[in-house]
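Dock chains G, A and R with the ligands against the given chain W, drawing on the hints supplied.
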Amino acid sequence: MTIHERELEVIEEFSDLDEWMDKYNYLIEMGRDIPALDTTCKTDQYLIQGCQSRVWLQAEFQSGKINYSADSDAIITKGIAALLIRVLNESTPDEILNADLEFIDTIGLKEHLSPTRSNGLVSMLKQMRYYALAYKTKSSN
Amino acid sequence: MTIHERELEVIEEFSDLDEWMDKYNYLIEMGRDIPALDTTCKTDQYLIQGCQSRVWLQAEFQSGKINYSADSDAIITKGIAALLIRVLNESTPDEILNADLEFIDTIGLKEHLSPTRSNGLVSMLKQMRYYALAYKTKSSN
Amino acid sequence: MNDFPIDTIREDFPLLKAQVNKTRLVYFDNAATTQKPVQVIDTIDNLYRNQNSSIHRSVNYLSGKMTEAYEGARETVRRFVHANNSREIIFTAGATASINLVATSFGEAFIEEGDEVLVSAMEHHSNIVPWQLLCDRKKARLKVLPVNDIGELQMDQLPILLTERTRLIAVTQVSNAMGVINPVNEIIRQAHEKNIPVLIDGAQSIQHGQINVQEMDCDFYVFSGHKVYGPTGIGVLYGKEKWLEAMPPYQGGGDMIDRVSFSGTSFNVLPFKFEAGTTNYVGAIALGAALEYIEHIGLDHIDAYEIALNDYAGNALRSIPGIRIFGDSKMKHPIFSFLLENIHPYDAGMVLDKLGIAIRTGTHCAMPLMEHFGIDGTIRASMCFYNTKEEVDRFVEGINTVQEMFG
Amino acid sequence: MNDFPIDTIREDFPLLKAQVNKTRLVYFDNAATTQKPVQVIDTIDNLYRNQNSSIHRSVNYLSGKMTEAYEGARETVRRFVHANNSREIIFTAGATASINLVATSFGEAFIEEGDEVLVSAMEHHSNIVPWQLLCDRKKARLKVLPVNDIGELQMDQLPILLTERTRLIAVTQVSNAMGVINPVNEIIRQAHEKNIPVLIDGAQSIQHGQINVQEMDCDFYVFSGHKVYGPTGIGVLYGKEKWLEAMPPYQGGGDMIDRVSFSGTSFNVLPFKFEAGTTNYVGAIALGAALEYIEHIGLDHIDAYEIALNDYAGNALRSIPGIRIFGDSKMKHPIFSFLLENIHPYDAGMVLDKLGIAIRTGTHCAMPLMEHFGIDGTIRASMCFYNTKEEVDRFVEGINTVQEMFG
Ligand SMILES: Cc1ncc(COP(=O)(O)O)c(C=O)c1O
Ligand SMILES: Cc1ncc(COP(=O)(O)O)c(C=O)c1O
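Residue numbers (my numbering), protein chains in the order written: chain W, 10 to 150; chain G, 10 to 150; chain A, -9 to 397; chain R, -9 to 397.
Isolated chain W, as found in the complex (with noise of 0.2 Å):
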């Protein structure tokens, strides 16, 4: 599957939710789906500015793809972290780069995540780009 692909299965589960409330719960459990890091990998070089609870984020590279994996002490933020690793993961730095993720103005995740909050998600996607940008560069090097 594409990043595309994954983004619209995303909005495809999303729009069966109608209320918040259920939109949390659906966040809640992709929170409690992922592994939890190891906490040897919870230090500052993983943690993530701008967010109102702590995040951390990890990156890996292999056979040219990316998987991130990353942990939050706020069950919601693991979940939207979550979100993003499973639209993200398994994909190329470029496919990284080259995605426009609508998917989080179509399920409304800025919106129900105010202002202050959003920046967590900012924060998130900035550092995944980062990585991808980071590997791309290596590997053509």
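Bear in mind the hints are in silico, worked out from the structure with no lab data behind them.
Take these hints with a grain of salt, some might be off.
DSS-like mimics (lysine-lysine), calculated; alpha carbons at most 30 Å apart, straight line [what the hints assert, rightly or not]:
1) A/K7 x W/K32
2) A/K129 x R/K232
3) R/K12 x A/K55
4) R/K129 x A/K232
5) R/K129 x A/K128
6) W/K119 x R/K55
7) A/K379 x R/K55
8) W/K32 x A/K12
9) R/K55 x A/K129
10) G/K32 x G/K135
11) A/K133 x R/K128
12) G/K74 x G/K145
13) R/K55 x A/K7
14) R/K12 x G/K32
15) R/K230 x A/K128
16) R/K128 x A/K129
17) A/K128 x R/K133
18) A/K230 x G/K135
19) A/K232 x G/K135
20) W/K119 x A/K12
21) A/K55 x G/K135
22) R/K232 x A/K128
23) W/K51 x W/K119
24) R/K232 x W/K135
25) A/K7 x W/K119
26) R/K128 x A/K230
27) R/K7 x G/K32
28) G/K119 x R/K12
Chains G, A and R with the ligands alone, transformed into the frame defined by chain W:
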């Protein structure tokens, strides 16, 4: 004439002046009528703080009575000083300290000199009372 | 609690009718900022529509009116805090600006290398960082009065911490993070025995009852307008005249001078010496209107109502399973900081927000206090006299929902 | 001048309809403070009624909205002054506060004993006294660029005054006392050749046309909200990022920190590093509304209209017998400072006030400039784009009356 009688006189004179223009012209004339202070007296010692134009005030004490003289570089201010002098001159310190000077409100002097300006009026009066107090203390020693 | 005209009062605050996420807002973030009664909002509106003119220096009619209103507001503040005279009332941009003024100006005059400034462990960052910056500049030492397990000052440590090098104590009257009320009278008494002046951070006490700076005998008292139902951008520094006279000016500019020339400048008298530039005169007058508004309701009534609300909310919260309340002291205002077992405050805050309940999560600008408790932050609900038992009930229900969602 | 929709514009400013002493007010004190359009007044009203909540730190919906609006206002300011990025835009309490921030913080980092700061002889006290206080603290020297007979800077003196000890030039773009426009581009060019940064006091330029800090290449630019049709208690400091990064924090408090602990505190990134405590967020958003309002009218239109008004008023005034105009330069905005032969400005001001004409008399916070001209003060009439030729006519009539009364 007592202070009170002179107040009534001033009130009487003002009662003919309906327009602010007439009142101002009256003050301008009063200002022109009193003798200018000698330049040697226009020193910081006699300068009154808190007026928007410079006002110098002097007082002499003779035979138990106070005589003020004043000058200002603004003619309306000088007129106000002249009015106060006219009412208060030739009085004992006690008479001055006990005067309630209702004429100021009655003729609408304060109202016609908006608040920042009436500060000048207030400062002049304060300084006149200071003199009276000083001479009273002196003469009772 | 029953004779308090709460319905009429709530009518005065337009924002209390706001809808968030299709439900009526419950505004429990009053320690951050308070809502404004129409009396304040209309004052601002009216000033800009009918009276706006720069104060103090103009000859014109409007300017005179505005000056009168501004100086009238100063007198209102003086009366409200019971200062001796209005020269002791300085308008600033807020509590933070007031504290910085004292830290810089008092610091300049009275703090030397090796001297000590004492703050408490529960201070707001605004009552810590200015002193840290001062101590850095002057090579002075910042000392800390610790708090105990329930968030009260460890008063037995005070006599030990007051040394002959202590030059100032800066302490809050009420903790913004927990609502705990400090025994400031006792602190001031002990300090004055050793001739040490005391600055009281009144940012969280001004809105909850009578303030009498003369009885308290504090040397400085600061607060923000926006936390006492007034506008943003305005605050107050009360200082005893003897200190303010002895302190050098803080900021330079228009209005704070007597004469300016390149060969030397002399400064204006109090309070103007500390009010450089065009002041926030509209803000000051609107703050005056806010204080008059709560005087009109009655400070004693407000206090009584808030005590009842504090008891009610405290009991309700304490009965929630898995809750841990910080600063559960007997002496407090209705500000509650707590954690729910296994639930991150941020998760709780997001859900409560969706339920229309505005609270705050995080460190509440009191990181050292959080460090003391060994935590990252709390959920804080802060109430005032326009809040109701019904709102507390909705809040408790909200917490139940949170617990169900994350349980 | 004729296609400018002056009638519609005047409708936007409620105060222009005020009556003073039973006549329609002529407001010619715009250099002191400007009037506010309903767009600004309503913004404030709406924020307090429907949206008020503390910014940046809360999780709740209103707070998020308010934060967005506040940061949106910062972006509006950035666009308006054409700054490179919004980290370079700091909200302060006003121009005076902005200058004091730079004097203290830049001064702390970059001014040492024996260094020099250059200001001009026509500066407002707010752009003199902070530098005097700094120079006193640091044993540095304040040098003065003189003005000529018609109130223009003596630019030929500039190269002589710029020495290797000059660390900063602080100069106004437009004289508040005379309206004279200074050749700031040329000053900045010469300064930068010698690597000297320049602070531009924009308190009197921001309201009169396009400002482009990048083209101008100034290092700092300051202004006040209340002089550009915005509210009191808010101002702006623009600073090049490289300077702001290198400068230590000014005031300490909430929001300007990253982490606070008693063992050491780290500071927040720009612009927050310089915004301690709860900012005047309502003021900032209303300032944004003011800037949007004049953008909407069109800065070029405003400029063209004001040039025409300046010409009209200049001609009318120059034809008055016995008038002496100070700063009668060709490069100026419609601010007029003058004296009438044998008439004290204060007397003139009092009579003009009674005629419903609000002007200012005195030194206009520019005593050194008055000293230069050897006078005590002037009568100042300062106009802006909502003033009209008819008002100028009434003003000239008023001066005739004054001359008759005191002639
Ligand atoms: C040129 C100039 N600089 C600085 C200021 C100070 O502005 P504010 O008083 O709003 O801080 C003014 C206004 O009074 C001014 O005209
Ligand atoms: C106890 C305390 N002190 C100081 C402050 C700072 O007030 P402001 O941010 O209004 O300057 C606050 C509010 O945030 C506070 O709660």
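Report task. Could you grab the alpha-carbon distance between A/K55 and G/K135 and see if it respects the 30 Å cut-off? Result -> Status holds; Cα separation ~22 Å.
**Report entry** Restraint check for R/K12 with G/K32, where alpha carbons must lie at most 30 Å apart
**Finding:** With a Cα-Cα distance of about 16 Å, the restraint between R/K12 and G/K32 holds, given a limit of 30 Å.
Query raised in the report: R/K230 and A/K128: Cα distance at most 30 Å?
Result: Measuring from Cα to Cα gives roughly 29 Å; hence the hint holds.
**Report entry** 30 Å Cα cutoff - pair R/K7, G/K32
**Finding:** holds, 27 Å
Query - 30 Å Cα cutoff - pair A/K128, R/K133 - result: Given pair A/K128, R/K133 holds - Cα atoms ~29 Å apart, limit 30 Å.
Query - Holds or violated: R/K55 to A/K7, with C-alpha atoms at most 30 Å apart - result: holds, 17 Å
Query raised in the report: Taking only the CA atoms, is the gap from A/K133 to R/K128 under or equal to 30 Å?
Result: holds, 29 Å
Query raised in the report: Between W/K119 and R/K55, is the straight-line Cα distance small enough, at 30 Å or below?
Result: The hint holds at about 13 Å.
Query raised in the report: Between R/K12 and A/K55, is the straight-line Cα distance small enough, at 30 Å or below?
Result: Given that 30 Å is the threshold and the Cα spacing comes to 16 Å, the pair holds.
Query raised in the report: Is the Cα-Cα distance between R/K129 and A/K232 30 Å or less?
Result: holds, 28 Å
Query raised in the report: CA of A/K7 to CA of W/K32, is that 30 Å or under?
Result: holds, 27 Å
**Report entry** Given hint A/K230 paired with R/K128 - CA-CA distance at most 30 Å
**Finding:** holds, 29 Å
When each numbered hint is compared with the structure, a violation occurs for hint 9 only.
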